[in-house]
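Engineer: Read off the chains here:
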Amino acid sequence: ETGVTQTPRHLVMGMTNKKSLKCEQHLGHNAMYWYKQSAKKPLELMFVYSLEERVENNSVPSRFSPECPNSSHLFLHLHTLQPEDSALYLCASSQAGRGYGYTFGSGTRLTVV
Amino acid sequence: AQTVTQSQPEMSVQEAETVTLSCTYDTSESDYYLFWYKQPPSRQMILVIRQEAYKQQNATENRFSVNFQKAAKSFSLKISDSQLGDAAMYFCAYDTLIFYNDMRFGAGTRLTVKP
Chain A
-14 ETGVTQTPRH LVMGMTNKKS LKCEQHLGHN AMYWYKQSAK KPLELMFVYS
36 LEERVENNSV PSRFSPECPN SSHLFLHLHT LQPEDSALYL CASSQAGRGY
86 GYTFGSGTRL TVV
Chain B
5 AQTVTQSQPE MSVQEAETVT LSCTYDTSES DYYLFWYKQP PSRQMILVIR
55 QEAYKQQNAT ENRFSVNFQK AAKSFSLKIS DSQLGDAAMY FCAYDTLIFY
105 NDMRFGAGTR LTVKP
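Going down the list, the sequences are from chains A and B. Residue 81 in our numbering sits at position 96 of the first sequence, with consecutive numbering throughout. Just add 4 to the spot in the second sequence (first one is 1) and you have our numbering.
One chain only, chain A, in its complex shape (with noise of 0.2 angstroms):
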């Protein structure tokens, strides 16, 4: 058990599809992080939450849409994306403040066909 959990391991879409990513932790921490990791790019911070509350978006397309309906679960909206969007993406949570580093999942692979 990693403590933060995401779903699905594997999608595969199409650039007109509709999907989401979920993202659940039971760490108690108070910030939830959204990044997209790219071969051969360095990790990119997508989203930010904080006490549920968007602190960061990065200038990220519109075509993701983050949402955080609790301390617990965040999801990433994702629609009309294009192939360069295939990457792995992966979901952390902190509790802001302390230091102790971040808590990864294990990601979602995302193909765009």
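Simulated from the structure, these hints should not be mistaken for laboratory data. Be careful, since some hints might not be right.
[Said to hold, decoys possible] Some chain B residues close to chain A (C-beta under 7 angstroms, calculated; not the full set):
hint, residue
1, Val17
2, Tyr37
3, Phe39
4, Pro45
5, Arg47
6, Gln48
7, Leu51
8, Ile102
9, Phe109
[What the hints assert, rightly or not] Derived pair list, reagent style DSS-like, types lysine-lysine, alpha-carbon separation capped at 25 angstroms:
hint, chain 1, residue 1, chain 2, residue 2
10, B, Lys118, B, Lys74
11, A, Lys25, B, Lys59
12, B, Lys82, A, Lys25
13, A, Lys7, A, Lys26
14, B, Lys59, B, Lys74
15, A, Lys4, A, Lys21
16, B, Lys77, B, Lys59
17, B, Lys59, B, Lys82
18, A, Lys26, B, Lys77
In this text, a Cβ means the ideal position worked out from N, Cα and C, and glycines have one as well.
Position chain B relative to chain A; hints supplied.
Structural biologist: Below, chain B without anything else, positioned relative to chain A:
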């Protein structure tokens, strides 16, 4: 601009030997935290070791230890008695805790362990 530099895209080590992964970073803050994360083929990023910048003593976790040189802004990871299960991508990171998005990651070093 990337503020964490891992100058070794790939490293290899013989099983049971020792290997050191390099990391340098750039921050003007005096208080921050440094981390090494491991990402095996299972994809989950796992925290390996953590260092508080205001502590001079280098952190150790079993076979993993760091060489923290604050003035040089260097934070290398030493893996002793390397095992096949150590094969993974290793990411160096720091967090100043000023804002929620202050964690900065390096590009990673891929470590191969040869039997």
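Engineer: None of the hints should be skipped; say for each whether it holds.
Structural biologist: Going down the list of hints, with the structure as the test:
1. Look at Val17(B): its Cβ only gets to about 22 angstroms from chain A, farther than 7 angstroms, so that hint breaks.
2. Hint on Tyr37(B) holds. Least Cβ distance to chain A is approximately 4 angstroms, under the 7 angstroms limit.
3. The beta carbon of Phe39(B) is positioned within 7 angstroms of a beta carbon in chain A (closest approach about 5 angstroms), and the interface hint is therefore held.
4. Interface hint at Pro45(B): violated, since its Cβ lies 11 angstroms from the closest Cβ of chain A, which is beyond the 7 angstroms cut-off.
5. Hint on Arg47(B) holds. Least Cβ distance to chain A is approximately 5 angstroms, under the 7 angstroms limit.
6. Contact between Gln48(B) and chain A, as hinted, is supported at the beta carbon level, the nearest pair being about 4 angstroms apart and thus within 7 angstroms.
7. For the restraint placing Leu51(B) at the interface with chain A, the shortest Cβ-Cβ distance is roughly 5 angstroms, inside the 7 angstroms limit, so the hint holds.
8. The interface hint given for Ile102(B) is broken, as the beta carbon of that residue sits about 9 angstroms from the closest beta carbon of chain A, more than 7 angstroms.
9. Interface hint status for Phe109(B): upheld, as the beta-carbon distance to the closest one in chain A is roughly 5 angstroms, under 7 angstroms.
10. In summary, the hint linking Lys118(B) to Lys74(B) is not supported, as the alpha carbons are separated by about 32 angstroms, beyond the 25 angstroms threshold.
11. Proximity of Lys25(A) to Lys59(B) is assessed by CA-CA distance (about 33 angstroms); at most 25 angstroms being required, the pair is judged violated.
12. Between Lys82(B) and Lys25(A) the alpha-carbon distance is near 24 angstroms, which keeps this suggested pair within the 25 angstroms criterion.
13. Proposed proximity of Lys7(A) and Lys26(A) is supported: the alpha carbons are some 23 angstroms apart, at most 25 angstroms.
14. For the suggested pair Lys59(B) and Lys74(B), the alpha carbons sit about 10 angstroms apart, so the restraint of at most 25 angstroms is met.
15. Proximity of Lys4(A) to Lys21(A) is assessed by CA-CA distance (about 16 angstroms); at most 25 angstroms being required, the pair is judged to hold.
16. Of the pairs offered as hints, the one joining Lys77(B) and Lys59(B) holds, with about 14 angstroms between alpha carbons and a cut-off of 25 angstroms not exceeded.
17. Restraint check for Lys59(B) and Lys82(B): the C-alpha separation of about 18 angstroms stays at or below 25 angstroms, so the hint holds.
18. The straight-line distance between the Cα atoms of Lys26(A) and Lys77(B) is roughly 23 angstroms, inside the 25 angstroms bound, and the hint therefore holds.
In the structure shown, a violation is registered for the earlier hints numbered 1, 4, 8, 10, 11, in ascending order.
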